[in-house]
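Join these two chains into a complex; the hints should help.
Sequences listed follow chains A and B, in order.
This note's numbering numbers the first residue of the first sequence as 1 and each following residue consecutively.
This note's numbering numbers the first residue of the second sequence as 1 and each following residue consecutively.
Source of the hints: derived by calculation from the structure; they are not laboratory data.
No experiment lies behind these values; they were computed from the predicted model shown.
The C-beta atom is built at its ideal place from N, Cα and C for all residues, glycine as well.
Heads up, some of the hints might be wrong.
To be verified - With the Cβ distance kept under 7 Å, some of the chain B side facing chain A (calculated, not the full set):
(1) R54
(2) D55
(3) N57
(4) A58
(5) F214
(6) Y219
(7) V226
(8) S230
(9) A233
(10) R235
(11) Y236
(12) A237
(13) G238
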Amino acid sequence: MPQEQPSSGTQSATPRLKLSGITKIYPSVVANDNIDLTVMPGEIHAVLGENGAGKSTLMKMIYGVVKPDAGEMMWQGQKVTIANPAHARELGIGMVFQHFSLFETLTVVDNVALSLPGKQDLRALSERIRQVSDKYGLPVDPRRIVHSLSVGERQRVEIIRCLLQTPKLLIMDEPTSVLTPQAVRKLFETLRQLASEGCSILYISHKLDEIQELCDTATVLRGGKVSGHCVPSKESPKSMARLMIGKDLPVCEHTQAKEGGEVLLKLAGLSHASDDPFGIDLQDLHLEVHSGEIVGIAGVSGNGQQELLYAVSGEECLSERFPVQICGTQAGRMSPGRRRRLGLCFVPEERLGRGAVPSMSLAENVILTAAKRRRLVRRSLIDFKAARAFAAECIERYSVKAGGVFAQARSLSGGNLQKFIVGREIMQDPKMLVVAQPTWGVDVGAAAFIRQSIIDLRNRGCAVLVISEELDELFEMCDRIAVIAKGRLSPTKRAAETNVEEIGVWMSGIWPGVDATMDQARVQA
Amino acid sequence: MFKLEARPQASLAMRYASPAIAVVLMLIAGVVVFSALGRNPIEGFQVFFLNPMRDLNAVTELLLKATPLMLIAVGLAVGFRANVWNIGAEGQFLMGAVAATAVALAFQSSESALVLPTMVVAGAIGGALWAALPALLKTRFNANEILTSLMLVYIAQLAVSWLVFGPWRDPAGFNFPQTEMFSDAALLPMLIEGTRLNYAFILALGVLAAGYVFMERSYTGFKMRVAGESEAAARYAGYSAVTTIWIGLLAGGAAAGLAGMAEVAGPVGQLTDKISSGYGFAAIIVAFVGRLNPIGIFFASLLMALLYIGGEQAQQYLSLPASISKVFQGMLLFFLLGSDVFIQYRLRRSARQ
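Pulled out of the complex, with its shape left as it was, chain B reads as follows (with noise of 0.2 Å):
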């Protein structure tokens, strides 16, 4: 028989070095996946892989994938932080989509340079409100605050789907569930001409690093770490229980809706009802591959989307199933739980009994 046993000193730089261990687990378990599915282990690597990063153009795919990630997931560090489990970054990236679309739509004809900061504005303050009902059922009801984010994931879904098959449908869209494109002046700038890379990555990059100050620098910040770490610490130091399970829904709320604010007047364009592609579900594997620490969020979040366009570069090339992305993430996210064990317990013989 093996027990765990619990480490007298968990080691600080395993802690930094799990996500590797976890990656390269991925990676040799993916091996196994391609060759269980009859396809070249070496070609679906390459596919897989090594394509998503080919060229600038490439690239500039795999950043413009990486943006939404990293904005969700480090709104969500800021809660998890502090043991506030908003699982529902889905519905509030989808209600941040909602609310800048409404407001792109509104001015549909103006060309006035404030409507896009009106819609970015706009979805934070949608992604934050959708946050809010889970925050104010805890806080006044003590309701679990992971069943009631997720469970509000699914009205925003049917919200979306009611908006663009009935209102907002395009007149002129053949019934496709979908909005109107968006003006131009909805529309968020180039960052690299040529390519899909757009403003969207800076602000991405500016709500990292303003994480980073609130989350390792700020005097709030500490108070959800401490909050987070152990209640009654909180409690004796005198820290508002409710003020972090607040900051810490609304935080992730605002981001996520920036996220869906950045994909409707990105790439996208307009609204449909498959405006995400899970993103709010990917994030939460983001933020914990990151170690809920902004610098590690940006380097999981590139894997992350690496992990989106090798799954549909493997559909187009490999002709796999769709679902293959979700077979890494899902492994990546297990490797890792697993690999975390082992900071703070090792593996012993046990005596029999």
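Chain A extracted, bound-state conformation (with noise of 0.2 Å):
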């Protein structure tokens, strides 16, 4: 274990990490620019900024999975230059990626074996791991297979697997995205334990309430420059907001809901068992969402979310018409193609390669669903003359930065082609709109403006249903919100009524009159 103490004596003036002057140009972007970093032994260090603000790839080169093209860096007042991970790892620098890097057939002390050097024995690892996991609240059972594990139980893994190395520096990339409030708070307690002990953390994150609950002091990046240096528990949100994009966090304008819509959506009992065996069974899902309401699904990834969005859309046919409808009409094995013209658009979650196909231009990425809604196809012939109009009108009312309606959908930064996709569902007029994710990976602004527009679609009496892993996010914009987890869908309850908490408690799987065997599944995981 980490043997240094504290920051409290004089010989720790000298910084674990120090970077100075790091830059690093990819082809079409600067992603870090003369950036200056430095980490004291035990200090719980934040990397605050917005997506695409070089976050990452200052961390990949830290932990040498990329090289900076200038700059230096200093570990423990040496001068080097990390070769790879491994030496990284050597070094002392252990990294919990958001992506996890696990094999799911192989059990977690296989995991763990195939990221140390050398032959392991296996039972001496166990052991090690089990003593690490019970060290820092981090219960795991070695033994188990890796694609039996929850995301959290995943996340566990990657940070013991870490700890085994006895870091003195420990990366965690936006780590909390995959958890429920609950598991934040012992993750928290487990990295202030770490910390106690002299290793340094650095934590990525774009979440301000954690980055000042956690956080001794934190480097803001901002267009892969450093835009300033604070004491979280100094500043206020808004403040460290106006460091991170500039300017203040826009607000959504959310007026009450009308009440007694007619039902758009009803889930009557939808099962689904999934083809991919590490998929998630849907089982007896219950949802109505009215017309002129946004209801949320929160849960943490990996729930069933992408099953339940897939039997909706119809890009996975149901064997029965009643479990899905549509505006009254039985859905359950109609086509994507076939439920649109029912009047359901949808958003989905991968905006390049599912929602937009990457290489067409943007003039041919709306025929991708407004063929029938807008017309764009006449007597079987493409009529490229209204689909271009359309995606220029697209590109104008939705404020997409893109070089055109020719301009391919690669081209566009995540944000502006999530306006231009949302923005083209919204346009089709549709009774009913399905979101997954709708502002995931999206700077402030745009994700503002996202809500915003659903909110405003909402107004006009279409019925909304948004799935998304950010619960602030489901607290600004829906109405009613239920839980997914586990494959099983929670009751609805008012967004007004309810809090953070109470969701969170219930997405770990437990909620009022959730039944016997889904507690015993509770507590076997």
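If you want it as structure tokens, here you go:
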């Protein structure tokens, strides 16, 4: 375990890590421009910034995944060039990535053994894993196969894997995006314990409240440059947001929902077994979405959101008609095209490659879903003029930054492409809109715009279903909220009558009326 | 060390210039090949590339040769754009020829003007049916169409051999593996008197035009392009993957069958066991050199026909082996694929590890 003491003595004047003038240039973008960063022993240091601000690139350079084009790195007072991640681990740098790198078909101990140098005695290693997991409050059974673990448990495996190498610096890349609020608190306890033992932690996030709660100091990045340093406990979320995005956080205008609208989407006992061996089976889902309201579905990712969306959109056909009812029609066996004709529009989670064809122009990408509803096809030939006009209108009304209607979808930034796709779907005047992760990976300004567009649509009488992993977002937009956990759906609750705390508990699979088998499943987990 | 690095933006101009660059590189490599074989490269160049274009007769021969190539290639392009990899056009070509021959032999004594149109339809259906087998195997059993369509080529070749050595052999043909010569009613009329260029060339131009409208303008063609570019997007839009596979294979099969018909009812006038000169495979190269675009395919098929005829000329005048055509075809595809890499990537010196 880390030997050094927290930053109290005079020796700790030597920083654990000091970066000066780090620059990384990619063919199309300067990802990092002259970055300075100093991390002291035992310090929890936040790296704060929006998506695309250059946080991940910077961390990858510290971990030796990519090499800086310029600048200097000092490790405990010595100048170093980190050749690769193995070298970084040797120095004592550990990293927990946002996307886990575990083999699903192997056990926990196998996965850990693979990341350690040399041949391992699995029995002794299991023992060490148990010790570390006890010490830091990271319960996980070394013998379990990874695919049976929840996302939170997988993250624990990743953290334990790092801790076994007794790191002096631990990098955590957006670690809370896959956790329930309760699990976040647990993680913070572990991180504080580590820091008190002298391990430095670099904590990457765009969530201001978390950084305020956890971190000692923060470096804020904007557009690849350092836009400021601060002590989070002395700042307000507002002032940090200003450092991060250069202006105040925009807020949405949200009025009371109209009551008693017609039911436009109804799930009547939707059950569906997933084809994917690692997928989630949907079990008896019930839900009603009325016109003029936004219903949100919260949940930790990988609890059946994908499967639910496939079943609602029609990308996965059901064997029966009644479980999915769109605008009063039993649509369970309809193709996505026929559901669209009933008035259902859908914004998928992956924009590039699903919501839009990367190599096609924006004018062609509108044809993808709007061919019928906007009459872009005449006598089975495409009316390209109408398609161009529709794309141009979409770009204009949703202020999409793009090089015109002929720009390839892949040339747009994530936020702009999302605005385009949301615009394309909303401009088809849907009766029912389903949106997955509306602002995932989108910068703050665009996110507020997208949320407002969806709220405006609901004010015009559309029924909206939003599935998101960001609780704050759901509370900002939704009239009612339900939770999906392990393929089951909770009852809905009015957003005004619940809170993050309660929804957080539900996210772990416990809600009033949940049956006994569920409880058992939870105890086992 | 060098490494390939993705370009931020692929150049559209280079996408269309790349086939031209490949042709130039092929010519340069050709000079090396001729020299290595101890021939004068200038003379070789003249025989190989200029002789096939020296007069009207030579040009009509070139167009005649290009006809089956453009027919097959445009049909294949429909599938290739949708990631339906029909490699068995050679077999579909043969089965189109067999179906057309069956009609011709059945109406050997007829003078009816309907014989020829019937043969055209039979050829297309014969090719399409042969392509339907991989489509069925793919949609029902998820069998890879590359393998099944390719294996069906060999079955088709053996079937043709069996027919011309067996039941369909011309009794007055001195035991040669070939059918009787077709009657005049079963032969395509000439386009230019005194040459061998027939109306199949007009048919091929018509198919090219139809292919252009289908691929560039029609909604079905758009759906197939989406399916080729991104499977998840096609699923999201609600386009049927099964329909895409069927259209992709049937279009290729029907076009190849037409080419087979044009060959037996055109310059050859009968079915023989050597009816195809590998057109079905050469057309794959034509489709890619032509950028899967009907206009590009028109020019690419002329180029490929030039290589075929140039190879024959080189055999005749330079006493080079027949495989010289294949060498040039191979070089052309190699250089094309090589230049295409640099549309998406560029070469960079990487720092030593």
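Okay, the hints, checked on the actual structure:
no.: 1; hint: R54; in the structure: violated (43 Å)
no.: 2; hint: D55; in the structure: violated (42 Å)
no.: 3; hint: N57; in the structure: violated (41 Å)
no.: 4; hint: A58; in the structure: violated (40 Å)
no.: 5; hint: F214; in the structure: violated (10 Å)
no.: 6; hint: Y219; in the structure: holds (5 Å)
no.: 7; hint: V226; in the structure: holds (6 Å)
no.: 8; hint: S230; in the structure: holds (5 Å)
no.: 9; hint: A233; in the structure: holds (5 Å)
no.: 10; hint: R235; in the structure: holds (5 Å)
no.: 11; hint: Y236; in the structure: holds (5 Å)
no.: 12; hint: A237; in the structure: holds (5 Å)
no.: 13; hint: G238; in the structure: holds (3 Å)
Of the numbered hints given earlier, the model fails hints 1, 2, 3, 4, 5; all others are met.
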